[in-house]
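Enquirer: This is what each chain is made of:
Number of protein chains: 2
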Amino acid sequence: MSCERLTKEHAKKVMSETDHFLFDCDGVLWDGNGTIPGSVDTISNLKRLGKKVYYVTNNSSSSRDEYQLKCQKYGFDADMSDIVGTAFASALYLHTSNFKGKVYVVGNPGMGKELDNFNISHIGIGPDEVEQDNSVKYSDRVKSWLNTQLDPQVNCVLVGFDPFISYHKILKAASYIQRDNCLFLATNEDTHLPTQGSDIVIPGTGTMVLSVSHAARKKPLVIGKPETTMFDVLAKANDLQPSRCMMVGDRMNTDIKMARRCNLKSLLVFTGVCGIDDLPHNGLKAESFEGSDDSPDFYADCLGKFGEFISDL
Amino acid sequence: MSCERLTKEHAKKVMSETDHFLFDCDGVLWDGNGTIPGSVDTISNLKRLGKKVYYVTNNSSSSRDEYQLKCQKYGFDADMSDIVGTAFASALYLHTSNFKGKVYVVGNPGMGKELDNFNISHIGIGPDEVEQDNSVKYSDRVKSWLNTQLDPQVNCVLVGFDPFISYHKILKAASYIQRDNCLFLATNEDTHLPTQGSDIVIPGTGTMVLSVSHAARKKPLVIGKPETTMFDVLAKANDLQPSRCMMVGDRMNTDIKMARRCNLKSLLVFTGVCGIDDLPHNGLKAESFEGSDDSPDFYADCLGKFGEFISDL
Numbered sequence: 001m002s003c004e005r006l007t008k009e010h011a012k013k014v015m016s017e018t019d020h021f022l023f024d025c026d027g028v029l030w031d032g033n034g035t036i037p038g039s040v041d042t043i044s045n046l047k048r049l050g051k052k053v054y055y056v057t058n059n060s061s062s063s064r065d066e067y068q069l070k071c072q073k074y075g076f077d078a079d080m081s082d083i084v085g086t087a088f089a090s091a092l093y094l095h096t097s098n099f100k101g102k103v104y105v106v107g108n109p110g111m112g113k114e115l116d117n118f119n120i121s122h123i124g125i126g127p128d129e130v131e132q133d134n135s136v137k138y139s140d141r142v143k144s145w146l147n148t149q150l151d152p153q154v155n156c157v158l159v160g161f162d163p164f165i166s167y168h169k170i171l172k173a174a175s176y177i178q179r180d181n182c183l184f185l186a187t188n189e190d191t192h193l194p195t196q197g198s199d200i201v202i203p204g205t206g207t208m209v210l211s212v213s214h215a216a217r218k219k220p221l222v223i224g225k226p227e228t229t230m231f232d233v234l235a236k237a238n239d240l241q242p243s244r245c246m247m248v249g250d251r252m253n254t255d256i257k258m259a260r261r262c263n264l265k266s267l268l269v270f271t272g273v274c275g276i277d278d279l280p281h282n283g284l285k286a287e288s289f290e291g292s293d294d295s296p297d298f299y300a301d302c303l304g305k306f307g308e309f310i311s312d313l
Numbered sequence: 001m002s003c004e005r006l007t008k009e010h011a012k013k014v015m016s017e018t019d020h021f022l023f024d025c026d027g028v029l030w031d032g033n034g035t036i037p038g039s040v041d042t043i044s045n046l047k048r049l050g051k052k053v054y055y056v057t058n059n060s061s062s063s064r065d066e067y068q069l070k071c072q073k074y075g076f077d078a079d080m081s082d083i084v085g086t087a088f089a090s091a092l093y094l095h096t097s098n099f100k101g102k103v104y105v106v107g108n109p110g111m112g113k114e115l116d117n118f119n120i121s122h123i124g125i126g127p128d129e130v131e132q133d134n135s136v137k138y139s140d141r142v143k144s145w146l147n148t149q150l151d152p153q154v155n156c157v158l159v160g161f162d163p164f165i166s167y168h169k170i171l172k173a174a175s176y177i178q179r180d181n182c183l184f185l186a187t188n189e190d191t192h193l194p195t196q197g198s199d200i201v202i203p204g205t206g207t208m209v210l211s212v213s214h215a216a217r218k219k220p221l222v223i224g225k226p227e228t229t230m231f232d233v234l235a236k237a238n239d240l241q242p243s244r245c246m247m248v249g250d251r252m253n254t255d256i257k258m259a260r261r262c263n264l265k266s267l268l269v270f271t272g273v274c275g276i277d278d279l280p281h282n283g284l285k286a287e288s289f290e291g292s293d294d295s296p297d298f299y300a301d302c303l304g305k306f307g308e309f310i311s312d313l
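Order-wise, the sequence lines are chains X and C.
At position 195 of the first sequence the residue is numbered 195 (full-length UniProt numbering), and the sequence of numbers has no breaks.
At position 234 of the second sequence the residue is numbered 234 (full-length UniProt numbering), and the sequence of numbers has no breaks.
These aren't lab readings, by the way, just hints derived from the structure by calculation.
Note that the structure is a prediction, hence the values are computed from the model and not measured.
Treat the hints with care, since some could be wrong.
Same chains, same label: a pair holds when it works inside one copy or across any pair of copies.
[What the hints assert, rightly or not] In silico SDA-like links for lysine to any residue, alpha-carbon gap of 20 Å or less:
| hint | residue 1 | residue 2 |
| --- | --- | --- |
| 1 | K305 | L49 |
| 2 | K73 | H95 |
| 3 | K236 | S81 |
| 4 | K137 | G126 |
| 5 | K52 | D277 |
| 6 | K51 | S135 |
| 7 | K8 | A237 |
| 8 | K113 | M15 |
| 9 | K137 | Q68 |
| 10 | K102 | I200 |
| 11 | K143 | G32 |
| 12 | K102 | S311 |
| 13 | K73 | K143 |
| 14 | K285 | N155 |
| 15 | K52 | G304 |
| 16 | K137 | N181 |
| 17 | K12 | I276 |
Build the full structure now, drawing on both the sequences and the hints.
Expert: This is the structure in structure tokens:
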């Protein structure tokens, strides 16, 4: 498979072959520090040239309407129907599976909102009981944990990004998952959020998913990239032809892997999680954590490079 | 390798070949509900017959002196020198590695006590800042996380059982681990604690370790079983011959695997995490999460069975 640094000639060819551009957001359009230079102009250029732009994000922290506001705040024009996030896609998955029951959510208000939109009942969002007394004896803690009251109606656990993750939440989620026929969904398994140049690691949803999964000894059904659910949703709603689509992302093992699975063209940018060392060299597989068997068709230092190449079209 | 249900004949042979018995505690001697019937008598019988008993536990929630009290409370006679837990073994590991620096501990007061015993400086134990306001915007949260102050002196992260595990603790631990030359230790990776008959899953240290490890994208050096550190410590202090030792445990992938690695005889009991379905059948590997390539020499429904077989010796 070719994997080449994007040139002006590539960019022109891509433009002639592509109607729909799908963008990962964090690490491509913006990061923890704000907009990534050149990204706003690139999106504007694509729109000027009649291309359709979609936002396809593993971020589960916002509902679609909140995400639309976020896009607009950063200067990216977006309709709600152009956005697919994992909070929305998870709720849609349950809805189309004709799910009846109650979801225990390790997550955030954005996820609750999307579930509410489909009238799916849920509990768990927000801070849970948090023990603050460090002098309690371990054996007394165990006794009190064993007395945890579980909701008899819960038959699904959905794990997404939860800043209030706690021991008690992990305990409840794992206990529900042990039930016969309890569905276990995860929005995504990202390791961390892109924060170029900071010495702080912002843990991603994978940290919550793995802790629950390890205690429950079961693997979740993952909704986000690299699974294909989010593209399937967009393709169905907008009648997309994979051969006329390109995915742009900052991660090999989510964005690019989904693109490969869905037969989309792909562009990897280095403004987020992956760098050039994550790419396979001379046919050898990259050994980095973020690397993958699936390499992108093209790579570029940043999305703005692509924008420059198409600015005079 | 033989893997047989323990009989009276086996038990007699084991007694003639063994001077030192190493016991895992939780799931063998007791569980979340109290003492496991027959265990106290078995230990007494072994001592009456002149055998030496050691307590070798992955539990990191107690220092050795606290663990001694716990043993005694449950009716198991134990000297402090008969006990090796992962809190002690981790501190000893740092001490014998001539560690200079400061440890960020995702853990509990027992771990702090053991580090103090070796004059190793540490921070992090107990509740951290816990955000309780669910209305804070995601982007504001990210901004505040990016402003987290890290201690410049920390050059080791040690993760053990922490009932106060939180997003902020995972963030700090992962950020420290990103530093050049920062050591990353974990006491153990157990999935959950044995709680026979309860529908509550009590998550084990593995849930904390994996969440930190995933965000940091690095694997820890694990001190507890199935690694051999804890046997090495005991063997050195007491001049143990592996061929004259037996390990008794409830988990294939920790207790029994360590026994195999150290060339100890092994007995698996079904009063904790593993059941008969975890054993390989007809030479086929068990597919359960807890199964392992390494099967025990013997298995029994409970430790009391062994006790019965040796009661008239």
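Enquirer: For every hint, state whether the structure bears it out.
Expert: Hint by hint, here is what the structure shows:
no. : hint         : in the structure
1   : K305 to L49  : within (16 Å within a copy, 79 Å between copies)
2   : K73 to H95   : neither (30 Å within a copy, 53 Å between copies)
3   : K236 to S81  : within (12 Å within a copy, 67 Å between copies)
4   : K137 to G126 : between (27 Å within a copy, 13 Å between copies)
5   : K52 to D277  : neither (31 Å within a copy, 54 Å between copies)
6   : K51 to S135  : neither (61 Å within a copy, 37 Å between copies)
7   : K8 to A237   : neither (32 Å within a copy, 69 Å between copies)
8   : K113 to M15  : neither (37 Å within a copy, 64 Å between copies)
9   : K137 to Q68  : between (48 Å within a copy, 14 Å between copies)
10  : K102 to I200 : between (36 Å within a copy, 18 Å between copies)
11  : K143 to G32  : between (41 Å within a copy, 7 Å between copies)
12  : K102 to S311 : neither (50 Å within a copy, 53 Å between copies)
13  : K73 to K143  : between (49 Å within a copy, 16 Å between copies)
14  : K285 to N155 : neither (41 Å within a copy, 31 Å between copies)
15  : K52 to G304  : within (18 Å within a copy, 71 Å between copies)
16  : K137 to N181 : neither (35 Å within a copy, 35 Å between copies)
17  : K12 to I276  : neither (23 Å within a copy, 63 Å between copies)
Checked against the numbered hints given earlier, the structure breaks hints 2, 5, 6, 7, 8, 12, 14, 16 and 17 and satisfies all the rest.
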